[in-house]
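Novice: Using the sequences and the hints, build the whole thing.
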Amino acid sequence: MKAAIVGLAGPELLHAEAERFRAHPPAGVILFARNVQTPAQLAALIADLRRTLPPTALLMVDQEGGRVARLRPPHWRAHPPAGEHGRLYAASRRAGLRAAWLTGALIGTDCRSAGFDVVAAPVLDLTVPGASDVIGDRAFGRDPETVARLARAVADGLLAAGVQPVGKHAPGHGRALVDSHLTLPRVHAADLRPDLLPFGRLAHLPWLMTAHIVYALWDPHQPATLSAAVIQGIIRGRLGFGGVLVSDDLAMGALSGAPAQRAVRALAAGCDLALYCAGDFGPTADLLAAVPPVSAAASVRLAAARALAASRRLALDPAALAAERDRLFA
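Counting from 618, one number per residue, gives the positions in the sequence shown under the working numbering.
Please note that the accuracy of each hint is not assured.
Taking CB as the label site, the calculated pair distances span [said to hold, decoys possible]:
1) 849 to 627: 20 to 28 Å
2) 899 to 711: 46 to 54 Å
3) 707 to 944: 26 to 34 Å
4) 632 to 704: 47 to 55 Å
5) 759 to 803: 18 to 26 Å
6) 936 to 639: 38 to 46 Å
7) 636 to 857: 28 to 36 Å
8) 635 to 878: 22 to 30 Å
9) 692 to 885: 39 to 47 Å
I should point out that these hints are in silico values taken from the structure, not numbers from a laboratory. For glycine and all other residues, C-beta sits at the position ideal for the given N, C-alpha and C.
Specialist: Next up, the structure:
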């Protein structure tokens with residue numbers, strides 16, 4: 618399998634996409650709102666993907682709750698954003714932590730039932746006054762310890778549902794003054810210890826996702842996704858993260874160059890997997906042809922992530938969990 622997770626064009630697996638995946642099998646596929654219409658349609662699409670991809674290929678979805686959700690009502694549950702959990706935690710730590718676990722478990726059961734293996738959540742970034750609202754209420758709050766506790770609870774809930782959580786966006790997106798979907802943020806702060814704390818507390822997570830941000834303190838030239846200094850020195854070294862490291866979406870405006878070039882650079886810097894979500898046929902085909910196979914080290918990490926989710930899975934009653942969460946937020 619190639620060291621990439623890629624998107625699809627629409628709600629059906631096109632013949633050309635299937636042929637491309639057979640020629641250059643990706644490590645996984647990520648689905649977005651353009652790929653999701655109804656439970657029946659999604660089930661058919663996932664069945665087609667499972668028939669086409671290698672048995673160990675992963676299906677990923679961005680499902681944080683709040684404004685970042687690909688499975689939406691009326692067919693799937695709505696989930697409160699991280700910021701609402703932070704406000705509940707400020708009123709009652711016990712209620713906030715329980716609600717965060719319930720949201721993780723509910724998101725996880727929704728995604729697992731739909732056929733997904735990996736959920737791109739929780740967000741470990743901080744809310745920073747004056748920063749871009751690209752994070753905003755996707756963060757649990759301003760206090761690093763609060764963020765770490767609530768993110769851990771969400772991740773534990775996702776694992777209880779049998780899906781693999783992805784903490785994001787390492788080593789911290791909260792200070793960005795501009796939206797990395799549009800342009801490249803540069804962070805010049807001299808003390809980034811608060812930003813690192815949640816990632817350090819959750820360095821045991823099976824996955825982390827990088828940030829397309831230049832941190833002048835560590836590498837004044839390259840964004841974290843493309844920086845060996847940040848990936849090896851900070852994420853792997855200082856934080857001690859040993860799990861699967863996936864790039865943020867390489868289609869985002871923060872980066873320059875062809876998608877295939879971006880992917881090769883991200884992998885060379887130390888990412889295990891390159892994530893390219895656009896679903897456009899030509900650039901995706903070029904990227905899959907250009908990237909190397911999943912490395913031996915990454916294969917071990919991927920196997921460990923699968924085993925962790927399998928070992929932590931519990932028998933859950935989603936209706937009872939949803940009713941309990943409703944009471945906590947009432």
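Novice: State, for the Cβ atoms of residue 636 and residue 857, whether the hinted interval 28 to 36 Å holds or is violated.
Specialist: violated, 42 Å
Novice: Per the hint of 46 to 54 Å, is the separation of the Cβ atoms of residue 899 and residue 711 within bounds?
Specialist: holds, 52 Å
Novice: Given the hint of 47 to 55 Å, check if residue 632 and residue 704 actually sit that far apart at their C-beta atoms.
Specialist: Between residue 632 and residue 704, where Cβ atoms are some 48 Å apart, the hint holds.
Novice: Looking only at beta-carbon atoms, does the pair residue 936, residue 639 fall within the given range of 38 to 46 Å?
Specialist: holds, 40 Å
Novice: Does the Cβ distance between residue 849 and residue 627 fall inside 20 to 28 Å?
Specialist: violated, 38 Å
Novice: Could one say that the CB atoms of residue 635 and residue 878 fall in the range 22 to 30 Å?
Specialist: Between residue 635 and residue 878, where Cβ atoms are some 26 Å apart, the hint holds.
Novice: The hint says 26 to 34 Å between residue 707 and residue 944; measuring C-beta to C-beta, is that right?
Specialist: Check failed, 18 Å falls outside 26 to 34 Å.
Novice: For the pair residue 692 and residue 885, does the Cβ-Cβ distance stay inside 39 to 47 Å?
Specialist: Roughly 41 Å apart at Cβ, these two residues keep to the hinted range, so it holds.
Novice: Honestly, do residue 759 and residue 803 meet the 18 to 26 Å range at C-beta?
Specialist: Given about 21 Å between the Cβ atoms, the range holds.
Comparing the model with each numbered hint stated earlier shows that hints 1, 3 and 7 do not hold.
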